[in-house]
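> Taken in order, these protein sequences are the chains called A and B. For the first sequence, the residue numbers in this note's numbering are 264 to 644. For the second sequence, the residue numbers in this note's numbering are 837 to 1255.
Check the hints yourself; a few may be wrong.
Label-pair distances were calculated between CB atoms; the ranges are [what the hints assert, rightly or not]: (1) R1170(B) / F371(A): 24 to 34 Å; (2) N1233(B) / A587(A): 14 to 24 Å; (3) V945(B) / A390(A): 19 to 29 Å; (4) A390(A) / Y1115(B): 24 to 34 Å.
Just some of the chain A residues that point at chain B, by a computed CB distance under 10 Å [what the hints assert, rightly or not]: (5) V354; (6) P374; (7) G379; (8) Q399; (9) H442; (10) Y454; (11) V594; (12) A595; (13) T598; (14) A600; (15) T603; (16) S607; (17) P618; (18) L621; (19) L626.
Residues of chain B clear of chain A, computed beta-carbon distances all greater than 12 Å [said to hold, decoys possible]: (20) A1065; (21) N1067; (22) L1080; (23) D1082; (24) K1105; (25) I1201; (26) K1206; (27) K1210; (28) D1213.
No lab work stands behind these hints, which were simulated from the structure alone. Quantities reported herein were computed from a predicted structural model and do not represent experimental measurements. For each residue, glycine too, the CB sits at the ideal point set by N, CA and C.
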Amino acid sequence: MKNTMAGMASISLPLPLRARLSILCCGGGGGSMIHGFGRAFSSSSSSSSSSSSASGSPTTMHAAINSAITHAMSEDPTTLVFGEDVAFGGVFRATTHLREKFGPRRAFNTPLSENGIVGFGIGVAIAGHRAIAEVQFADYIFTAMDQIVNEAAKCRYRSGAQFPAGGLTIRAPYGAVGHGGHYHSQSPEAYFCHTPGLRVVMPRNPYDAKGLLLASIRCDDPVIFLEPKALYRTAVSDNVPTEAYEVPLGKAEVVREGNDVTLVAWGAQVHVAEQAADALREERGATVEVVDLRSLLPWDAETVCQSVSKTGRLVVTHEAPITAGFGAEIVAEVTNACFTRLESPPERVCGMDTPFPLYGESLYVPTKLRVLEAMKRVLDF
Amino acid sequence: MSSAMALSSSLMRLGASRLSSMMGLARVASSSSMSNSSSSMSSSFSSSSAASLVTTSLGDAPITIELPRPYDTHLCEPPSTTVTTTPAEIEKFFKTTYLMRRMEIACDVLYKGKFIRGFCHLYDGQEAIIVGIEAALTWNDSIVTSYRDHCTHLGRGGNVKEVIAELLGKAPGCSKGNGGSMHMYRKETNFYGGNGIVGAQVPLGAGLAFGHKYRNDNCVAITMYGDGAANQGQIFEAMNMAALWDLPCIFVCENNHYGMGTAEWRSAKSPEYYKRGDYIPGIKIDGMDCLSVKQGFAFAKEFALKNGPIIVEADTYRYHGHSMSDPGSTYRTRDEISGVRQERDPVDRMRKLLIDVVGTSPDQIKAWEKELRKEVDDAVEFAKNAPLPPDAQLYENIYVDGKGIEARGVEISNVNVLG
Ligand SMILES: Cc1ncc(C[n+]2csc(CCOP(=O)(O)OP(=O)(O)O)c2C)c(N)n1
Ligand SMILES: [Mg+2]
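Work out the full structure, taking the sequences as your base and the hints as a guide.
This is the structure we're talking about:
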């Protein structure tokens, strides 16, 4: 069921990055399943997954996101895209040309008002639109927390399903980039995972970004879609179909198979995980099953538990601080479901319980080395 | 759009550096002597006069100057446009704005040389605002601002070394290297810092003003924000509270006419920011003229102490792009930028007053400029050679003493909260 061609990531970027990322992304697997072709959609999309993937071209993360939004706006005239400087293309170029293509009534700038942007988005979603709201950086999303947690997530429930805000998708770039400091680096996913009614989605490469974003926009639940900003231009998927496709929400992907440790990650951290997996194979000959969660809420416990039942060992890694990070949820669930299969206590390799630092970022982030050490610990237990 | 492209390509540079630093070993910081150097530095500026940033040599015989631009007001009578000043004050204004200008230009160079990383917002063009404010207030009045805060720190008596060291994330920086460009602080002169989240500081200003009123200390709080930030909801919440409780709060909208790439009229239904408090009086001042700012703030302080909050809109301009990744020329014309530089530049305005009104010789001015440039150059050298903060500082200052968080080495997978 895995199609290693489809989402295979390769890299086109300046040299220092190329060296590392080509190890990260081309080391095997990187495959993405193609799902959901033709769901409520045009005839061309019913062609088979593998032949469609062959028609794709190398695509960066921001272009893949732009393409998903373009499809969504083409297929449904109620779809709107808005946010700070979005009509100018956005800080990361994810919304370039949308105003030219769809007009200023459907692709427009908002004032600097995150709480207003999200609240407005809920309103237009309730009124029947597909609303794609951009929050310029995930670090600014906290200004809109009330609208997200108290309104978007609860509209459907409290109105007896009369007024869901399901048409709303909130996109925000998240994660470490090198020197972003306190307010351009955070990974806020766990806050939203604590909120029933939301979906939380985090892609690791352009192929998934396009498929997951389109699935998110079409999905009738409000979605928080967090994009790894370090990868906007550096990650390239070779075969992103030019046509629309979905990568299903709520489904993890086994990025590479292995027998000795299950390593769970999402977003940009999947690349660190793959690198650590390579290193472990080199050092110990042990094989790691790398699982990309892709959706965090709801999350695919089944795929993770199946893997841990096979390997008996679990390491989870994420950039966000360790305490009450989403890794805690995974470890709790796996410990319960796979208790008799576990060979060692699960480990988490995460950001520290500190604000995201300005200097010393390399000490903060869960690096390949730290993931590797944790995997050795669970192997040697 | 190409400004957006530039922004994103700059972030990619950040990405590159992150990845290379991840490949390399964690740097080891030397921690020796950092606390010494920072304390000795700040103590040399702990006097209570705002004049200490630069020294002056000219006399203090009063001069009166007629401001070229009248004040616009909302629900209050404008102050007089006749300003009293002295040669020494004009000298101080010139030297301070010039020093700030040179510092920001040095930051630009340091950024391009990759000594400063991440987010960095320059204040050049807007210097007259902080200089004029400090001439009208005391350091007992509180001030809180946005991320465009390098010069605010100088205005509050900090020095160029502390600012640049902070920008480089070095130990002698004014926030010990923890804050960087957006987070300068100076407790001893009531500078409550720069803030990264747009608009977040404005309600804090209302709280600071409440403190002044409660202590009955005859001081005001200044809370500064941009024209873009003026659209954040929490600003209106803060204004209502300040008015409801008659707080001595001066809301200062630094209107440089753009919030990132967005012109004021694209994002604000009413770009008359001094009127946007509705029931709160307001005044619009020429934010490119130290004297207009000084007079306006003397008026605003007196007004706020007597009546409660007031909004001051300072009409100004930023020469650089929004941040270092924005060339600043895609959403405004080069003519617009050069027009402001020629007609309204705050440094030139003071230079011209020195020459035309005070009678200072151009050679004298050149000599001052040379000294000030050297001060900046020295500060750059100082900052480059300054030590990084010790690694342990990453886990300190999160809770009060004794409840800090300690990491077990660099390859930790866990952190330990000490009780
Ligand atoms: C809550 C929040 N939203 C967005 C941003 C990104 N951002 C930083 S500065 C800025 C523009 C602010 O413009 P303005 O208030 O006019 O201040 P100026 O930069 O002109 O001094 C934006 C959108 C942020 N830092 N915080
Ligand atoms: Mg502005």
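> Using 10 Å as the Cβ threshold, decide whether H442(A) counts as touching chain B.
holds (3 Å)
> Checking hints one by one. Is G379(A) an interface residue toward chain B, by the C-beta closer than 10 Å rule?
Since chain B brings a Cβ to about 6 Å from G379(A), closer than 10 Å, the hint holds.
> Holds or violated: is the Cβ of L626(A) closer than 10 Å to a Cβ in chain B?
Since chain B brings a Cβ to about 5 Å from L626(A), closer than 10 Å, the hint holds.
> Say whether it holds or is violated: D1082(B) keeps its Cβ farther than 12 Å from all Cβ of chain A.
Its Cβ never comes within 12 Å of chain A, the nearest being 27 Å, so this holds.
> If we take the beta carbon of N1067(B), is the closest beta carbon in chain A still more than 12 Å away?
violated (4 Å)
> When you look at the beta carbon of K1210(B), is every beta carbon of chain A farther off than 12 Å?
At about 28 Å from chain A, K1210(B) clears the 12 Å cut-off, so the statement holds.
> A cut-off of 12 Å on Cβ-Cβ distance, and A1065(B) was said to be off the interface with chain A. Does that hold?
violated (6 Å)
> Given a hint of 19 to 29 Å, does the C-beta separation of V945(B) and A390(A) actually sit inside it?
violated (51 Å)
> Regarding the hint that P618(A) lies at the interface with chain B, is the smallest CB-CB distance below 10 Å?
Hint holds; P618(A) Cβ to chain B Cβ min 7 Å, cut 10 Å.
> Given S607(A) was flagged as interface, is its beta-carbon under 10 Å from a beta-carbon of chain B?
violated (13 Å)
> Is the distance from the Cβ of N1233(B) to the Cβ of A587(A) consistent with 14 to 24 Å?
holds (21 Å)
> Is the shortest C-beta separation between A595(A) and chain B less than 10 Å?
violated (16 Å)
Hint compliance for this structure: hints 3, 10, 11, 12, 13, 14, 15, 16, 20, 21, 24 are not met, and every other hint is.
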